[in-house]
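**Student:** Put together the whole structure using the sequences plus the hints.
Listed here are the chains, written in short residue letters.
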Amino acid sequence: MKLTVNGVEHEIESAPLTPLLYVLREELGITSPKVGCQQGGCGSCTILVSGEPRRACLLAVAAVDGSEITTLEGLGTAEALSPIQTAFHQHYAAQCGFCTSGMVMAAHAYLENGGGTGRESIQEALAGHVCRCTGYVKILDAVSAAAGGEVASNQRWLPQPGEEAPVEVPGAPA
Amino acid sequence: MPTAVETGAEVLLPTSEDEAVAAFGDGAGVTVLAGGTIVVPEMTYGYLKPQRVLMLAQAGLDGIARDGSRTTIGAMTSVADLTDLPSPLGLCAANVADLEIRAQATVGGNLCAPQGRDAPRGDLQSAFLALDAQVRSVGAGGERTDPVETFLADRAGRLILDVSFEEPAAGAFARLDRPHTHDYSALTVCAARTADGTVRVAVAGVEGPAVRLPSAEAKADDPAAAGAAAVSDATFADDALASAWYRERTLPVLVRRVLTQLQEAA
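Which chain is which? The protein sequence lines are A and B, in order. Sequential numbering of the first sequence, starting at 0, is according to numbering that gives the first Met the number 0. Sequential numbering of the second sequence, starting at 0, is according to numbering that gives the first Met the number 0.
In short, the hints are calculated from the structure, not lab data. Please note that the accuracy of each hint is not assured.
[Unchecked claim] Anything over 10 Å on all C-beta distances counts as not near chain B; from chain A, calculated:
no.	residue
1	PRO15
2	PRO18
3	GLY42
4	ARG53
5	CYS56
6	LEU58
7	ALA61
8	ALA79
9	GLU119
10	LYS137
11	VAL168
[Said to hold, decoys possible] Here are some of the chain B residues that sit facing chain A, going by a computed Cβ distance under 7 Å:
no.	residue
12	LEU11
13	GLY35
14	THR36
15	VAL39
16	THR43
17	GLY45
18	LEU47
19	ALA56
20	ASP97
21	GLU99
22	ILE100
[Unchecked claim] Sample of chain B residues lacking proximity to chain A, with all beta carbon distances greater than 10 Å (derived):
no.	residue
23	GLY7
24	ALA8
25	ALA27
26	GLY59
27	ARG69
28	GLY141
29	ARG154
30	ALA168
31	ASP182
32	ALA223
33	VAL230
34	ARG248
35	VAL252
Predicted model, so just to flag it, every value in this text is computed and none were measured. Glycine residues also receive a C-beta, built at the ideal position from the N, C-alpha and C atoms.
**Tutor:** Below you can see the structure in the form of structure tokens.
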């Protein structure tokens, strides 16, 4: 089996019924999809399959053989965040962070599909995502701001080069 | 990594309807994996240790075809693809879980879903019962087309190919939901009226698969009386979402609502 994850092609060794979540985390070392409920109810493992949000815990890897997978590592770089990542940063939309990668992936797909700033449609898009810190208001604010183009797309957030060593993110495109 | 998914089960990956039918055979010892929203977590949690898995991801079997007033829906069609269809099916589908689950869950899976351990499954069954849908399936004895009611009562060892129904003159949907991390419906009630005036009412979220409510249908002109009568037609599930006591008291309300909606659609 083959998967293209964040633009990089991988030959997959896991058994065909292994959920994509474990293939990403254990075989490929890509850990932004979180192991939450493992039954499709929490949203923390959400990734994109051909650009559409899916639960990695519910997909047997053989069912997505040959697919293009995008995880949080593929959205932006530490120097150039994607608009939705910038919006989450600007609006303090992460608390403990466990739900964040799933929230960001679902919100990214919502924006890519032309989603607007309306509260109701954002709630619909994020309905399957649980934040146990209950930080929903700031998350909705962030998605709404990104949908309205109210965030810079390349906001710098790490210290300047030389101030601190860059963070290596497993699974990020080479 | 969970050990439950490393069972070494034989995986069959048909790439056409014919291959899927041949691989399914008489269904003995075969676990069908359609969208995976039920089967994959059951394997993860170790409840299900399949020997042979028929994975339908590449088998086709999806799509919605309309021929005059008749709609035919392939078994692998996603729940999300139904949401624009007329009530009750469209509304019922739109209220299943959330966006990601609807995109992955399938019509065939919903019709075959066994009763959930903690919460109901198979909301769409109530819509298909209200629509008097026909289920085309294969298995021992070959291909068969059954009324959905017959199919739900005897569905072991069957592989669904498609489900079809006549567009109703009017349809209605109501549910008992609950703010919960999993957006399940504790009870789903659907009703439809055919062009000749026949009214069918059905409920999902009861013990076992969804059932018709004949006592309510007999009093369809009087929504309140029909609601009260409906209680005798169902055995109520008792699970983590709602007690049987609560469901029994809510069913009359939902039945009254759908029948009132049907009257208003007249």
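**Student:** Are there hints from earlier that the structure breaks, and if so, what are their numbers?
**Tutor:** 1, 2, 3, 4, 5, 6, 7, 12, 17, 18, 23, 24, 31
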